[in-house]
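Enquirer: Spelled out, the chains give:
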Amino acid sequence: EAGVAQSPRYKIIEKRQSVAFWCNPISGHATLYWYQQILGQGPKLLIQFQNNGVVDDSQLPKDRFSAERLKGVDSTLKIQPAKLEDSAVYLCASSPDRSNTGELFFGEGSRLTVL
Amino acid sequence: LAKTTQPISMDSYEGQEVNITCSHNNIATNDYITWYQQFPSQGPRFIIQGYKTKVTNEVASLFIPADRKSSTLSLPRVSLSDTAVYYCLGNTGNQFYFGTGTSLTVIP
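First to last, the protein sequences are chains A and B. My numbering puts the first sequence at residues 971 to 1085. My numbering puts the second sequence at residues 31 to 138.
In silico PhoX-like cross-links for lysine-lysine, where the CA-CA straight-line distance does not exceed 25 Å: (1) A:K1014 - B:K33; (2) A:K1014 - B:K99; (3) A:K1032 - B:K33; (4) A:K985 - A:K1048; (5) A:K981 - A:K1048; (6) B:K33 - B:K84.
Interface residues of chain A toward chain B, partial, derived using beta-carbon atoms under 7 Å: (7) G1012; (8) P1013; (9) Q1018; (10) D1026; (11) L1061; (12) E1073; (13) F1076; (14) G1077; (15) E1078; (16) G1079.
Honestly, the hints are just simulated from the structure, not real lab data. Since this is a predicted model, take the numbers as computed values, not measurements. Glycine is no exception: its CB is placed at the ideal position from the N, C-alpha and C atoms.
Generate the whole structure from the sequences, applying the supplied hints.
Expert: Structure (structure tokens):
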């Protein structure tokens, strides 16, 4: 079974530029999550989708971050304009489980460096 | 938000059993307790999950007391390859939150 796919793996941009990350979850997984992981910290939930609807985006900095999951399959996370503090690994996860058991399948992440 | 508390770091010698305890603040009646492992430059990987008492799989055991306010991840006979960060997960509904994790270093 193919895992969660993310791209690009690495991205370096200058502050105030924009960047987009793509995630393709495991086939059939209804729930998709984006997490931000700053070096030395645990992953921080940014947004959660159930199919193509947003379940929780309370920690998403909406002035600069946006995410969509058209057709309820793959998803894109965008940052515009980027700030230095956005340097982090952006992790996508998916889950087949609607019953809140917490078994998430993560991709390898997209590492963003903002200069 | 559901909050979890765990030690920041632990060291262990190869071959020893390691126990990492997590405190679960505000755990809800229907929430499961889940642990993840993360190696550098990789996403977290699911290790084990339980609801109450004890769960064991090929990797670890999970002990949960009756009040479910804490849990203990037990790794038997650790090896160098078990060096990683271990997270217990807190959840509110089906939103899942990671704490700072426990960085385990296995020493030869």
